[in-house]
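J.: These are the residues of each chain, in order.
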Amino acid sequence: MKHSKPVVCPPLWWRLFAVWYRHMRVYTKNLFSNGLPPFLEPLLFLAGVGLGLGAYITQSMEGLSYLEFLGTGLLVTAAMFTAAFECSYGTFIRLEFDKVYDGMLAAPLTVNDLIVGEIIWAGTKGLFFSFAVLCILSIFGVIHLPYSLAAPLVGFLTGMMFAVISLLITSFVRTINQLNFYFTGFISPMFFFSGVVFPTSNLPHYIQPLVEIVPLTHSVRLVRAVCANHYGMIHLWDLFYIAAFILVIGFFAVRRLRGRMVS
Amino acid sequence: MADQKIITVENVSKTFPKVVAVNNLSFEVEAQTCFGCLGPNGAGKSTMMNIIYGKCTRDEKPASRMSIFGYDPKHQELQIKYLSGVVPQDNNLDDELNVIQNLMIYSKFYNIPDKLARERIAYLLDFLELGEKTNSRITELSGGMKRRLVIARALLNNPRLLILDEPTTGLDPQVRHLIWDKLRLLKKEGTTILLTTHYMEEAFQICDTVMIMHNGQRIIEGPPRDLLAKHIEKYVLELPDAATLHDKFHENMPDHARMERVQHGMRLFSNDYDYLKMLAGSMAGENYYLRQTNLEDVFLKTTGRGLNETQ
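Chain order of the listed sequences is C and R. For what it's worth, our numbering labels the leading residue of the first sequence as 1, then goes sequentially. For what it's worth, our numbering labels the leading residue of the second sequence as 1, then goes sequentially.
Non-contacting residues of chain C with respect to chain R, defined by C-beta distances greater than 12 Å in every case (computed):
#1 PHE172
#2 ILE176
#3 THR200
#4 ASN202
#5 ILE207
One side of the interface only, derived from the structure: several residues of chain R facing chain C at Cβ under 10 Å:
#6 THR47
#7 TYR53
#8 CYS56
#9 ASP94
#10 GLU96
#11 TYR106
#12 LYS108
#13 TYR110
#14 ILE163
I should point out that these hints are in silico values taken from the structure, not numbers from a laboratory. Computed from a predicted structure; not experimentally measured. Backbone N, C-alpha and C define an ideal beta-carbon position, used for all residues, glycine too.
Throw the hints in and build the complete structure from the sequences for me.
T.: As structure tokens, then:
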């Protein structure tokens with residue numbers, strides 16, 4: 001028997017929004033403990049570098065004072081860390097321990113909706129964390145408005161990039177402790193070797209190609225261009241890299257995770 | 001609505017790397033009826049439920065056909081899930097949210113407007129006697145409350161088909177009876193119900209049709225009373241400690257009686273109540289229990305008494 005009148009399911013954009021909304025509600029439920037630390041961390045950084053470390057580093061880096069150099073980098077590393085945690089430990093817990101996805105899949109949602117919605121949510125968190133860093137940095141005059149107001153958009157893209165790669169890694173993980181390797185072996189090194197803490201131009205030649213391959217390099221270069229409002233062709237390449245990374249890695253992440261959610 | 005098929009399943013199989021969970025299974029569920037799926041653990045009941053709403057994909061071969069409201073879960077899982085409510089085997093509520101938030105967010109998945117959702121949720125919490133728990137955390141709820149909340153969640157979009165995977169396993173008799181009452185009421189209001197259960201009593205109480213599955217296949221199917229009439233004698237005399245009497249009975253067993261050995265004793269099945277009563281009377285000091293047969297006897301007879309490796 002055919003259903004008498006055609007069924008009108010919620011459209012794709014609504015389903016993605018609904019998944020995003022679920023994550024947003026869970027996150028904002030503990031607004032104080034979830035929302036405050038993103039503002040405290042850059043404060044700590046300012047205190048550490050401004051009062052301590054900064055006095056020893058007098059050389060300018062890529063034409064910026066060290067405080068500004070490191071500060072602009074933090075705009076995207078904050079986004080990286082939050083997205084990476086959300087889509088590795090967070091995702092694994094929802095997948096294996098809490099069975100949240102199983103519950104959601106009983107509603108009119110597909111696995112694709114679930115994962116793409118989650119990637120968009122991780123991007124949103126990246127945007128928010130970048131924004132928090134931006135607030136602190138501009139209050140203390142480290143970076144200058146209004147151009148840097150666009151920096152959280154780079155945070156959004158960075159969040160999406162680290163969401164897709166974290167989801168892909170998580171799809172291979174059998175026990176949650178295996179994720180430690182991901183953070184020690186991939187995320188932490190990236191923090192040091194992507195031009196956040198020091199310019200990569202001084203690294204040995206044979207490491208340079210490697211630097212260009214990892215995703216954070218492109219985020220950092222792009223966000224510094226945004227803050228300085230100074231663009232070149234290379235930033236077009238960065239944008240292209242980011243878009244391609246999200247699409248390609250995202251495609252495989254969805255495919256792999258589908259295998260874990262639908263038998 | 002009578003005679004309309006809500007679910008049609010033809011020749012569906014599902015093979016996992018190590019086991020054939022569903023093996024060439026076919027069945028139909030008519031509108032406004034309750035269809036119960038019985039079977040030992042590992043019989044393929046849950047897998048079948050999951051295939052119906054797209055949580056599990058069926059094998060490509062052999063050729064099979066499925067229609068739920070005219071939709072095929074392979075390509076149209078969204079339509080099926082939009083028209084159905086699912087109560088999975090695990091409760092999988094969102095522990096990070098409280099009762100009302102769980103339901104409000106779930107109603108977003110169906111795109112129910114907030115105001116309507118609030119009214120519907122108030123009604124459903126009341127219907128399942130959870131009204132006082134509106135703002136409770138999930139972790140504060142008892143097993144029975146969680147189960148009822150999952151049922152409320154499945155009812156949010158006024159489903160025309162309700163799929164329940166072991167809805168009352170592990171619950172106390174009060175909650176179980178409450179859930180049965182509600183399911184009967186829903187059926188009366190026009191909902192079609194598909195459920196799996198391990199409780200024969202449950203199947204007998206609420207199902208119009210029962211299918212007993214074993215090793216992914218259908219063993220028998222029909223209304224519970226018909227299954228009783230067709231597949232088993234009317235009465236059974238249970239002798240739990242009578243192993244020694246076995247030979248004595250074996251020799252002069254009349255045609256209308258059937259004997260089944262169990263670990264230390266035996267069961268004698270017959271349609272002749274007087275005969276069994278006479279036997280029971282002749283047994284000085286022996287423990288015995290003479291009763292009508294029930295669905296559990298049919299179940300054990302058709303699926304065997306021994307355990308298999310998946311149980």
